[in-house]
Amino acid sequence: MNLIAVDIGSTWTKAALFAREEERVVCRRRSAVPTTTGKLSDGFDAVVEDVRTGVDGPCPPIVCSSSAKGGLAVAAVGIVPDLTLKMAHRTALSAGARIEAVFSYELTSADRAALETLAPDIILFTGGTDGGNTEFIKKNVAVLRELTIRPHIVFAGNRTMADFVSRELSDFPVVVAENILPDLNTPNPEPARAAIREIFIGSITHGKGLDDVSRRTTGPVLPTPLVVYEYVKIISETVPGRREFCLVDIGGATTDVYSTGGAGGLFGGASSGAPPVVLKGPPEPAIRRTVEGDLGMRVSAAAVLAAREGFLRPLCSDDDDWTAFCAYARSLPDRPDFVTSGDPEARWDRMLAAACLTGAIERHAGRAQTVYTSDGAVTLQSGINLQGTELLLLSGGFLSSVEMPPFIPLMRCERLDSTGRAILLPASWQIHRDAENTLTLFAGAARVWPEHAALSAPASRYAEVV
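For reference, each letter of the sequence shown is one residue, going 91 to 556 in this note's numbering.
Note that these hints are calculated values from the structure, not bench results. Hints are not guaranteed to be accurate.
Here are the simulated distance ranges between beta carbons [as the list claims (entries may be wrong)]:
hint	residue 1	residue 2	range
1	SER293	ASP408	47 to 57 Å
2	THR328	ARG306	28 to 38 Å
3	MET91	THR328	11 to 21 Å
4	SER304	ARG114	25 to 35 Å
5	GLY510	SER293	43 to 53 Å
6	ASN275	PHE254	18 to 28 Å
Straight-line alpha carbon distances no greater than 20 Å define the calculated DMTMM-like cross-link-like pairs of lysine to aspartate or glutamate that follow [unchecked claim]:
hint	residue 1	residue 2
7	LYS229	ASP201
8	LYS370	ASP465
9	LYS323	ASP253
10	LYS370	ASP507
11	LYS323	GLU541
12	LYS323	GLU334
13	LYS129	GLU113
14	LYS229	GLU196
15	LYS228	ASP201
16	LYS323	GLU113
17	LYS228	GLU268
18	LYS370	ASP172
19	LYS228	GLU196
20	LYS228	ASP253
21	LYS370	GLU480
22	LYS129	ASP302
23	LYS229	ASP253
24	LYS323	GLU480
Computed from a predicted model, the values in this text were never measured in an experiment. Backbone N, C-alpha and C define an ideal beta-carbon position, used for all residues, glycine too.
The whole structure should be built from the sequences, with the hints applied where relevant.
This is the structure:
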């Protein structure tokens with residue numbers, strides 16, 4: 091049996107023809123064309139026709155994912171930043187969304203103006219455990235009601251307020267899902283994730299110009315990050331030796347990090363004599379995704395300078411090199427398709443990629459610090475502990491093709507953050523990479539052949555330890 095997987099990205103539209111052979115999925119043919127933003131189906135048709143060349147009979151089934159035209163834009167509204175708002179942020183990211191903004195506590199008129207400027211596809215509206223806070227929800231409903239835009243609203247907060255929200259926001263397309271945090275120790279992201287997914291399938295694909303594409307596919311067009319998230323989950327659950335790993339995907343505008351395992355790990359383990367560990371915030375999920383909107387190789391290159399100057403400047407040979415590098419990085423947002431042909435641009439691209447990769451991983455990982463209480467010292471841990479997660483998979487156009495020997499020495503993460511907290515990362519990495527840049531396409535194939543595609547994950551071994 092054959093299958094075609096297509097991924098429509100913001101810059102490139104890719105496709106692969108897959109065949110299932112015993113326990114594996116084999117890539118028979120690949121194709122890529124620049125994404126036809128004006129009419130996404132043109133690029134889709136071109137790559138499908140290319141990869142099916144030589145295939146007798148009718149066209150094989152097609153699955154498709156997309157992050158074109160901004161992907162799935164979500165704004166998250168919560169109450170306490172470390173509780174419901176953090177859960178809202180996680181839930182939206184795990185649904186494949188791009189987080190436009192997060193708003194805590196009571197929405198203000200400035201927040202309302204920001205929402206209207208951002209015009210997200212969905213507002214994920216949360217707050218309160220079941221039977222808990224109601225006042226913030228009432229006040230935030232009053233602000234949302236004044237919006238001049240009409241995005242979809244997913245309410246996943248205090249269940250006692252669901253009828254009130256639906257009634258007061260009846261001018262909006264509102265979907266009520268179960269509370270993402272019904273009590274402080276029980277995260278419940280799946281119903282809200284499912285609601286976001288169904289809205290994307292049912293409504294947003296039309297606004298993204300994917301109607302013509304969806305009529306030709308087997309199953310709905312899904313957000314690319316959601317498809318990759320589910321693929322990471324399948325690999326972790328089914329592939330021997332892959333229960334815990336970290337995946338980094340650097341794009342032109344963002345850097346995505348996915349990690350598995352480590353959710354219940356405590357800093358320092360059970361070291362004798364070590365201070366007890368106190369976890370801050372809701373429990374960590376088994377699979378986690380973060381996305382950094384200021385870390386990207388082209389569209390966000392100028393933002394990388396601001397965010398990672400302390401990392402980048404020491405990599406330049408002198409002040410003149412730094413000045414030239416800055417000019418290069420600032421020019422890239424206006425030419426997102428630029429491909430280097432040699433030094434110094436190739437060296438500068440390696441610097442940008444290293445800044446994106448290390449910065450995104452450092453932000454993804456949890457933190458730990460010793461604090462002193464009346465009962466003695468304790469270690470306060472927030473976020474996920476990746477100290478035991480040593481397998482690192484590199485994906486994305488640049489990471490798939492970069493010359494590795496000069497790149498690997500740049501992949502050095504900090505051990506402490508700017509406030510002195512320990513960054514919970516391993517001492518070294520085992521590097522694998524998606525050398526053919528087909529991971530998103532294998533993730534698409536996993537929608538039909540989950541275990542077979544997981545066993546065939548494109549991850550060639552590059553280096554033992556970095």
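| For which of the previously enumerated hints does the structure constitute a violation, in increasing order of number? | 9, 13, 21
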